[in-house]
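Protein chains: 4
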Amino acid sequence: MSDEQRKVGVAVVGVGGAVATTAIAGIELLKIGACGYEGLPFADVTSLVPYTSLTFGGWDLDGDDLAKAAHLHGVLEPRVVEAAGAGLAAVAPWPAVADPEYCRNAVGANVIPISSVRGRVDHVRSDIERFRAAEGLDRVVVVNLASTERWPDLTLPALQTPEAFEAAIDADDPVISPSMVYAYAAITSDSPYVNFTPSASADIPALLELAHQRGVPVSGKDGKTGQTMMKTVLAPAFRSRSLHVDGWYSTNILGNRDGQILEDADSLSSKLQTKGTVLDQCLGYEVEDHVVRIDYYRPRGDQKEAWDNIDLTGFLGQRMQVKVDFLCRDSILAAPLVLELARLVDEAARRGEGGAQEQLGYFFKQPITRDGGEPEHALYRQEQVLRAWLDH
Amino acid sequence: MSDEQRKVGVAVVGVGGAVATTAIAGIELLKIGACGYEGLPFADVTSLVPYTSLTFGGWDLDGDDLAKAAHLHGVLEPRVVEAAGAGLAAVAPWPAVADPEYCRNAVGANVIPISSVRGRVDHVRSDIERFRAAEGLDRVVVVNLASTERWPDLTLPALQTPEAFEAAIDADDPVISPSMVYAYAAITSDSPYVNFTPSASADIPALLELAHQRGVPVSGKDGKTGQTMMKTVLAPAFRSRSLHVDGWYSTNILGNRDGQILEDADSLSSKLQTKGTVLDQCLGYEVEDHVVRIDYYRPRGDQKEAWDNIDLTGFLGQRMQVKVDFLCRDSILAAPLVLELARLVDEAARRGEGGAQEQLGYFFKQPITRDGGEPEHALYRQEQVLRAWLDH
Amino acid sequence: MSDEQRKVGVAVVGVGGAVATTAIAGIELLKIGACGYEGLPFADVTSLVPYTSLTFGGWDLDGDDLAKAAHLHGVLEPRVVEAAGAGLAAVAPWPAVADPEYCRNAVGANVIPISSVRGRVDHVRSDIERFRAAEGLDRVVVVNLASTERWPDLTLPALQTPEAFEAAIDADDPVISPSMVYAYAAITSDSPYVNFTPSASADIPALLELAHQRGVPVSGKDGKTGQTMMKTVLAPAFRSRSLHVDGWYSTNILGNRDGQILEDADSLSSKLQTKGTVLDQCLGYEVEDHVVRIDYYRPRGDQKEAWDNIDLTGFLGQRMQVKVDFLCRDSILAAPLVLELARLVDEAARRGEGGAQEQLGYFFKQPITRDGGEPEHALYRQEQVLRAWLDH
Amino acid sequence: MSDEQRKVGVAVVGVGGAVATTAIAGIELLKIGACGYEGLPFADVTSLVPYTSLTFGGWDLDGDDLAKAAHLHGVLEPRVVEAAGAGLAAVAPWPAVADPEYCRNAVGANVIPISSVRGRVDHVRSDIERFRAAEGLDRVVVVNLASTERWPDLTLPALQTPEAFEAAIDADDPVISPSMVYAYAAITSDSPYVNFTPSASADIPALLELAHQRGVPVSGKDGKTGQTMMKTVLAPAFRSRSLHVDGWYSTNILGNRDGQILEDADSLSSKLQTKGTVLDQCLGYEVEDHVVRIDYYRPRGDQKEAWDNIDLTGFLGQRMQVKVDFLCRDSILAAPLVLELARLVDEAARRGEGGAQEQLGYFFKQPITRDGGEPEHALYRQEQVLRAWLDH
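Protein chains in written order, with the numbering used here: chain A, 233 to 624; chain B, 233 to 624; chain C, 233 to 624; chain D, 233 to 624.
Since the hints were derived computationally from the structure, they do not count as laboratory data.
It should be emphasised that the depicted structure is a prediction, and the values quoted were computed from it without experimental measurement.
Treat the hints loosely; a few may be bogus.
Keeping only pairs whose Cα atoms sit at most 25 Å apart, straight-line, the calculated DSS-like set for lysine-lysine is [claimed, not checked]:
| # | chain 1 | residue 1 | chain 2 | residue 2 |
| --- | --- | --- | --- | --- |
| 1 | B | Lys555 | A | Lys555 |
| 2 | A | Lys555 | D | Lys555 |
| 3 | C | Lys555 | A | Lys555 |
| 4 | D | Lys555 | C | Lys555 |
| 5 | A | Lys300 | A | Lys263 |
| 6 | C | Lys263 | C | Lys300 |
| 7 | D | Lys263 | D | Lys300 |
| 8 | A | Lys263 | A | Lys239 |
| 9 | C | Lys263 | C | Lys239 |
| 10 | D | Lys239 | D | Lys263 |
| 11 | B | Lys555 | D | Lys555 |
| 12 | B | Lys239 | B | Lys263 |
| 13 | C | Lys239 | B | Lys555 |
Here are a few chain A residues that face chain B, going by a calculated C-beta distance under 8 Å [to be verified]:
| # | residue |
| --- | --- |
| 14 | Leu261 |
| 15 | Ser474 |
| 16 | His476 |
Virtual Cβ for every residue (Gly too), placed ideally from N, Cα, C.
So that you can see chain A by itself, here it is in the shape it has in the complex (with noise of 0.2 Å):
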């Protein structure tokens, strides 16, 4: 079967979110030619399913449909949202998981009316499939847009191997959060599943193993988008000239729903620990001195702001600072990333590669390895090692 005539379903969880409803937004104005390949990096290979084969799904908290709530989101202009009305129209928002334990800042109506895990778990599964036969999918993948969660004690029993999480769901443990809901649905479902936020999911041991045994591929974690990619492409610029980094101060200003679910100290620390080590990989040193502030700012919406002062050490000692200041729009460079996620994720799926995708790490802030040993973080070598296996 021709790749034109493959049918791939992205099954979102936060289907209403900016992120997902500008990826399903750009896919219908591709469909009309309304729009250009910017922002998609892997526009040029030809071996992975059609954008224009995507079809959209999903889970969100907030049942309103996605016209109106990319209105809200204010991420596109009013005109290029009615441009892709229809499209967008289309996705009712299924009733998703809910936790206040794991997410205070995310609530809503739109709410699986069921208490245990095992139930929960069965739900997302019966939507996975439901919405596989509905559309006549070839594949599912399944992608974690959801709002970032606290981690929960990822040092428990229950979250190292598959049959302690098995044990865990049927308790109705507490150590099991939405995401892991998802994922553990995705892997059981053989549906790829890719967690692009910085939350506790199919990186934990257990879920690993499982998809490892299962073949399913999964990928993660927390997208690199902003000041956390230009830190993958300055930092090892930086070591290549032996300018020693003696501090990097980052802050970031956002006024979307994400800087909003930040402001709750427990998911910023989530948020912030997969930002820590990214660094420390590339230089191939511990910088005593790193900083990261995020601060919800509301006058700046989507267009978040990423300003950098990096302090170095040159020649005999002499000091020098860059300064970055990065004027990005968090979504705009989220929702491509996305769509080639889903692309990728069901090539390897094709290929009969399961478990952890470490030739994605391109994408993410903190990708999880097979060994649970550092990944590489450099961007550049990143791209390599993705290129390389595309070209494989």
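Based on these hints, arrange chains B, C and D on the given structure of chain A.
Same frame as chain A, now just chains B, C and D:
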């Protein structure tokens, strides 16, 4: 003979300048353990001649001793210059080739008192030989750090073949610039030649061919230190993420002698030309709005500031901006690269690899290529090429 | 007659430009309550003619209707231009005075078909009178928003006295620029005249004297909107704290028609001259290293960016730096000032105060003074002078 | 007695700190003509006591001599500290009042060995008297430059009246902070008191009233040096142009002891409160999105960096941004203001003007007012008030 015992002489054109005196001071401080290896990219490569085996000499229009010159440049604090004082004071600049037709703002009294081109060539060659003999050197490498010259008409027949060039020397043809005199003298003395300036020099067809015939390594041109270096780091990353560069505005303010020289429109024009094509090659398309400004601004002295603004288009045609402010130090960035180049062309000569050294593109804004083709500009690819050559 | 009933006509030179169309659209939107009073400094002053009593007309080399022009300028989003559409479409640009000797890059077909200077003057005067009669206006004020002209030799005798100027008109003396034609026509029509451009106009001695004799208010020149406005805010503060300004580097990037005009060196020179003295007057001493660059850079359109770097010396000779990046909008800053100026010169005329309006220095980069002396530039002092005049 | 002959002692709380040692070194260098008057706003006012008539003493938890302390702070280069060495070394810090309840991170061994509050007060008073007698001073002024303390509950009755405060002293009430001990001792010694820190001190009602009753000038609080100073320059300008401030994001990075102290949440909270209201008062409305961050970041040492981003709305609701990056030097900005304050409170005492010195608001982030009302914050208005007072 072991590396430790080899002695390599570095004969610098413009030895009294800020970059040269910083490089020489650096070696002195390394010798006494008063500084580290920051800024030296290949400090880890043990196959190269050790830094402390480099011995310095060179030409300058200003005959002042180098300790005095270093104080004047103000790159290093007085106490640092004093610590390196003996080594600096030991270098007495040799009379230099002067030609106001090529560089109006570079003046001085320490001039070779010969008017014929052939006579000047012979004088420079005898300087090299005297240096070799006096210091007991295993090899002399010549490095051009002189002020930027205007470019002659590079299409003139005299610059196309070794034979035509020889004839032009004998005819005192004004097309032959001081930089060409040094390059020709170096090549015919079997001394590897590095052009760290934007001037037309060993990169003209006549001299490239001559270097190839004689098996002498030549390398250049225009050291890639600050803004352009950053450009060749960032542009490949934007390309990697398919972020389209709509425009790139670069301004530089600097207050050292380099800046003063560039107040002359002819010198500035040479400089801007070497900066021009970098971006388009890194991106794979032409950036129509690429503006580069260099302004002399005294308050900064050697502490250059490079401010870049980049306009990007991402997914769905949405606009973003990146601003980079690099508070750098011109000579501090350049000096260690000069030291590495001296070691690397020595290595090439040891390997018997003459002609254009393409693997050294990592160091230059406009790397010379054997066939005159467009060179690679992306810093990480240049580094990979060079590391592979070193590992060979 | 109450203010509410008075009608003031604003005849704009360059009525199809970005600033004029933005100002006119603004009045339309104020009339329908579709915008607030942001950017209008004297919205609280009830003694001035209300914004909504302003009626617009004017000259332009481009005869297109203003709704079309506003769409092309791209200052306002399409839906805003549409909301103001009726008012914009109602203004049909009158044929304008063209002289390529004075502004090479401003071209168009909507030209007064008269070659004698006196004939052009009479034509402009008849335009003003026709406007007054057709709209039933109590007063017409003329505002110059045309493209920057090169300066003639301002020391020529023809520009020194009203008599010499009259003779020059009759002799078709090429010293008389289009801006002078408009200014002379306005003054002799008893219409207050505002020069918002850097061109030499009513500020020449001949016209200042004529305005004084006839009791007609004249005001200018060169609207102080973005970077220079900030300079006149920051410099007085540095002076207040005795922080010595060692250098001030200013660069501007803009992509609108203004920017294109300034690609012509002659126009640029006029512009830079009006920017020059501001800083020294604010500080009380000469800043030797004051550099101002303006570059045409298309990706920005009307969204100008002004980047300033300031080098300061503080206590004990210690150095500091301030960098200011103003992502401003040229026409959005200028248009409301134009509206206020129209109201304020109308007020001056009502008070019977003719000649140079020194109290309006608040609006200009180079405020004209009665005696040709150095004006006050500090924004807060200018504001205090103007507020005192208003309270009088 | 002429000014030249008067001697004023400056007793500094925190005399070994970076600001104090910089101020003292400055006076030494002025005495020997080794520096100019940069940074000293009132160098032109001849009626004040000359800088060189100031004599220094003071308290510090660290008993080290000041030359050593100045070297450690690293504000001034070693050769500058050496030039001022004799004057610095002559100042031996007196034992200081310590209370870890108020400032956890400020520690040291040079402590007044008395536990009762009354005993500490008496000790401080005897220090003042001894200083006065030993140096033959006409007046002693006390300046608080100590580390920021947490605030007590400022609504407690003990802080409301002189009588209640006296009783609290005798009862060893923990509400009495070290800063209050110094302020009370100064006032009851008839020594003018300046609080350059954010700590609660002479600005509590009890001490304001006491100072008023005894006719002792008191002044404060929290020196306005870098970011807040700029805020009180820019905000009035935005107001002047009717540019609405939608949000103001301020971040500070600094690596000196001040920064370290502010890592303690309680001290930071005091600091942030003094920064808060400034903006709203300057603008005349509440900025809902005003965020201020202060982060300890070692690579900078005393070379603070303040980055501000301001979101503005202008004409027709169009959005603009201003970014200000102030690479300043904390102690270099503060020290000259401390010297001016010492001279100005001496002048107030000579004039017999006791109580809160409202005319000194120019120097402070949170100027104290006689009636507790909201003070003026706009820098230029503060300067005009102070200049008028000086001219009086």
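Now for the hints, and whether the structure bears them out:
Between Lys555 (chain B) and Lys555 (chain A) the alpha-carbon distance is near 8 Å, which keeps this suggested pair within the 25 Å criterion. Between Lys555 (chain A) and Lys555 (chain D), the direct Cα distance comes to roughly 12 Å. Compliance with the 25 Å bound is thereby established for this hinted pair. The hinted pair formed by Lys555 (chain C) and Lys555 (chain A) meets the criterion: a straight-line CA distance of about 11 Å does not exceed 25 Å. For the hint linking Lys555 (chain D) to Lys555 (chain C), the alpha-carbon distance of about 8 Å falls within 25 Å, and the restraint holds.
For the hint linking Lys300 (chain A) to Lys263 (chain A), the alpha-carbon distance of about 21 Å falls within 25 Å, and the restraint holds. For the given pair, Lys263 (chain C) sits about 21 Å from Lys300 (chain C) by alpha-carbon distance, which is consistent with the 25 Å threshold. Distance hint between Lys263 (chain D) and Lys300 (chain D) is fulfilled; the C-alpha atoms sit about 21 Å from each other, no more than 25 Å. Our distance criterion of 25 Å between C-alpha atoms is met by Lys263 (chain A) and Lys239 (chain A), whose separation comes to about 14 Å.
Restraint check for Lys263 (chain C) and Lys239 (chain C): satisfied, since their Cα atoms lie roughly 14 Å apart, inside the 25 Å limit. Straight-line distance between C-alpha atoms of Lys239 (chain D) and Lys263 (chain D) comes to about 14 Å, which keeps the hinted pair within the 25 Å bound. The suggested pairing of Lys555 (chain B) with Lys555 (chain D) holds, with an alpha-carbon distance near 11 Å, which does not exceed 25 Å. Between Lys239 (chain B) and Lys263 (chain B) the alpha-carbon distance is near 14 Å, which keeps this suggested pair within the 25 Å criterion.
Distance check on the hinted pair: Lys239 (chain C) and Lys555 (chain B) sit about 47 Å apart at the alpha-carbon level, beyond 25 Å; violated. Taken as an interface hint, Leu261 (chain A) checks out: its beta carbon lies about 6 Å from the nearest beta carbon of chain B, inside 8 Å. Of the supplied interface hints, the one on Ser474 (chain A) holds, with its beta-carbon coming within about 5 Å of a beta-carbon of chain B, less than 8 Å. A least Cβ separation of about 5 Å between His476 (chain A) and chain B falls short of the 8 Å threshold, and the interface hint therefore holds.
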